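Student: Construct all of the structure, not just a fragment, from the sequences and the given hints.
Chains A and B are the protein sequences, given in the same order. Under this note's numbering, the first residue of the first sequence carries the number 1, and numbering increases by one thereafter. Under this note's numbering, the first residue of the second sequence carries the number 1, and numbering increases by one thereafter.
No lab work stands behind these hints, which were simulated from the structure alone. Please read all numbers here as calculations on a predicted model, not as lab measurements. A couple of the hints might just be wrong.
[As the list claims (entries may be wrong)] If you want a taste of the chain A side facing chain B, the calculated C-beta under 7 Å gives, among others: (1) Ser-7; (2) Arg-8; (3) Lys-14; (4) Phe-15; (5) Ala-29; (6) Leu-33; (7) Glu-36; (8) His-44; (9) Ile-51; (10) Pro-67; (11) Arg-111; (12) Leu-115; (13) Ile-124; (14) Phe-125.
Where is the CB? At the ideal position from N, CA and C, for every residue including glycine.
Chain by chain, the residues:
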Amino acid sequence: MTEDSGSRQLELLKFLVEQSSVRWEWSAARSYLNSERTLGILIHTALALMIFGIAIDRFGLFVHRLPWLAAHGLPDTPSWESVMLISLGVLLALVAGVRYLFFISAYSHNRHMPLRGGAFLPPIFALLFAAYGVALLVVILVH
Amino acid sequence: MSEQDTIEQIKLLQQQLLQLSAERTYMNTERTLSVWVRTALGMMIFGIAIDRFGLLLHGLPWLPHESVHRLTLSTWGGAVLVALGVLMALTMNIRFLGYARIYRRSHDWPVKHGPYLAASFASLVAVFGIALLIILLAFI
Numbered sequence: 001m002t003e004d005s006g007s008r009q010l011e012l013l014k015f016l017v018e019q020s021s022v023r024w025e026w027s028a029a030r031s032y033l034n035s036e037r038t039l040g041i042l043i044h045t046a047l048a049l050m051i052f053g054i055a056i057d058r059f060g061l062f063v064h065r066l067p068w069l070a071a072h073g074l075p076d077t078p079s080w081e082s083v084m085l086i087s088l089g090v091l092l093a094l095v096a097g098v099r100y101l102f103f104i105s106a107y108s109h110n111r112h113m114p115l116r117g118g119a120f121l122p123p124i125f126a127l128l129f130a131a132y133g134v135a136l137l138v139v140i141l142v143h
Numbered sequence: 001m002s003e004q005d006t007i008e009q010i011k012l013l014q015q016q017l018l019q020l021s022a023e024r025t026y027m028n029t030e031r032t033l034s035v036w037v038r039t040a041l042g043m044m045i046f047g048i049a050i051d052r053f054g055l056l057l058h059g060l061p062w063l064p065h066e067s068v069h070r071l072t073l074s075t076w077g078g079a080v081l082v083a084l085g086v087l088m089a090l091t092m093n094i095r096f097l098g099y100a101r102i103y104r105r106s107h108d109w110p111v112k113h114g115p116y117l118a119a120s121f122a123s124l125v126a127v128f129g130i131a132l133l134i135i136l137l138a139f140i
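Tutor: Printed below as a string of structure tokens:
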């Protein structure tokens, strides 16, 4: 191997290492975005659980208030299915939000966040939504 | 093929791979925005459902005249959710546009994949949510 050929190969290796490190960064960014999307989908699932819960509860109330059924004196208490579904939604949003917080704190140790200025927005939304679910539960149980 | 040609070809392939990797990441970001917009829409739907259910249960014609208040707990509960949806669509959109601006500095957009479509739809959902909020709080 000539000296010229050796230096060309060394230059190529340096180039490859440089390109690989940039590609590694893009790959890490994709992992981060994937995790954020997972949180978004989990919030969506929590939302669906709560919607189902509230639909069961409200339809139950509506049916109990129908004139031909109201005479039977059916209770206006919330059904256990609705309470369970809303609680599941709260739990899911809460657990997903906290898990994501742990993930981004570990991720940001040695990498920069791909979406600057908004890393904490998704878990904030998850926790706000969980808080809303808790309020909903209180209203359903107390009201 | 000479050694120099091979080296040049490897370099070219690497650059193309890097561009593809960047494009995949950009599309990931756009898809992430889309998921957030869908979640925001879900919140708005939930908000409206809560408000309308409250209205329905308070306004049943056969019940002894339960007064239909303009702003019941259900309306406030619904409005909070719609507002959360608007906030979600807006902030995620702003974040996406910031990312797209930084991305454009170093890479080309994927073919016919500028940020305009996703960003405009996110903005439209936010505008729709604001209109919904006004209707919810101003009218029954």
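Student: Of all the hints numbered above, which does this structure not satisfy? Sort the numbers upward.
Tutor: Numbers 1, 3, 11, 13, in rising order.
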